[in-house]
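Sequence lines, in order, name chains A and B.
Everything in the first sequence is counted per the working numbering, starting at 1 for the first residue and increasing by one.
Everything in the second sequence is counted per the working numbering, starting at 1001 for the first residue and increasing by one.
Just so you know, these hints were derived from the structure itself, not from any lab.
Just to be clear, a hint being listed does not mean it is correct.
No farther apart than 30 Å at their CA atoms in a straight line, the calculated lysine-lysine pairs in the DSS-like style are these [to be verified]:
1. A/Lys10 - B/Lys1245
2. B/Lys1245 - A/Lys131
3. A/Lys176 - A/Lys210
Computed from a predicted structure; not experimentally measured.
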Amino acid sequence: MIRVENLAKKYGDFTAVDAISFEVAPGEIFAFLGPNGAGKTTTIKMLTTLLRPTTGTLQIDGLDPIRHSNEVRKRFGIVFQDPSLDGDMTAAENMEIHGIFYHVPRKLRLERTEVLLRLFELWERRNEQVKLFSGGMKRRLEIARGLLHTPKILFLDEPTLGLDPQTRNQLWGHVKHLNQTEGVTVFLTTHYMDEADRVAQRIAIIDHGKIVAQGTPAELKQQTGKESLEDAFLSLTGSSIRDEAANSADQMRQMAKMWGNRR
Amino acid sequence: MSAVYVLWLRELRRYVRSRAQIAASLGQPLLYLVALGFGLGPVFQKAGQGSYVQFIAPGIIAMSILFSSIFSGMGLLWDRQFGFLKETLVAPVPRFQIMLGKTLGAATVAVIQGLLVAAVCVIAGFRAADARAIPIALLFMILIGCLFSALGTAIGSVLQNIQGFQLVMNFLVMPIFFLSGALYPLSNLPPALSVVTRLDPLTYGVDGLRAALIGISHFGFAADLAVLVTVTVALLFLSSYLFSKIQV
């Protein structure tokens, strides 16, 4: 379903993703793990037509995301790591826009909007502007929106960041359900190793832009001789702490905050 | 095509929800109309050109549409900042439709803004020469709105952050306004200025609007129409191309 060969992304001298190769089979739940700044999000951006690779090839459902970008876009859904909601619109309007973008028939769209907003406990607040929502509510809405249409591949980029255990449970329950009943292929990243261990059938670990290990959770534990996936992860990637450079969007967001406070 | 509709609707919803902004954006045109219209009125009259308020009212209406449409078009920058841009970038919708929806939405907002300013002009004493020409004036308002919304979305696709905003304001939007003949007649200009005004698309918008509202035209109705439509279509294609090149 996803095939990546020697994929690389360079920014000047800096290599964010360094010649990685992997495959994800149809109907598989695949976890892509790594420390901050390892290249997870850059890889997801290249897979989802947001970024052009420097070198290497990739295929989504047999299609090249650069040449057939619109066809590829029809095949996947994504929950982004950072905010992507329209704060001026209400929760229901955000769902509406998404449903129309993805050609979900009106009746189905309204049904699923209600089911998902109820599932993530946003239904009562559906007619409020999203900018009035708390961080957790926004996050839940991002997820509900990402699940509105049923794609062939679902990308989840750290979807559970900042969520309480209840919501996490709901999310993974729903994702597993989609995977089993509709055969949706899932490509996820997370920093919670227990989640990856529970949900993912196969795992790739990336560090400094390179894939350092691949296999089932059991294989990774066996390979490193550790009891838990977390220990296996640490022994593969070391225990030093990484930091990402702020990109221009982050800087702008910071500036907007400054301006907002002045008012 | 429903994607075009929902993006159009989004611009309209945003506009209706920002009442303070609506009021604030009426201030500047009002200032130009009152300070220049009445301040320079006696001089204009002495030069034998008639009422200055009559003359600049179409220019002020065009100005408000110019500002409003460029800024709504550049709303892409805010989408980029708050992340919604990513949602549109991964959407399985042809880029042309996304730009068309945004452009039409921004243009609609700008035309509403232009109508509000037109109402203010009427209160200040402006009278259209021939009420039957008002639909033609509306057509030109829509064209001005579409053209500069398309330009705004094109700029919004290229700029990375709001630091560039001031640059666009000072080196693009203000010159487009001041070099358009919104404030002065185009006849008997120094040759250099005359050339520059002819390169400014707003010139043809103001001229068409003036033709419809007070019956004075420099280039003629057909030429104004042809230039505005051609430039608008070209900018729409340009902005869809630039949008398709965005990487985040």
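Hint check results:
{"no.": "1", "hint": "A/Lys10 - B/Lys1245", "result": "holds (18 Å)"}
{"no.": "2", "hint": "B/Lys1245 - A/Lys131", "result": "holds (29 Å)"}
{"no.": "3", "hint": "A/Lys176 - A/Lys210", "result": "holds (28 Å)"}
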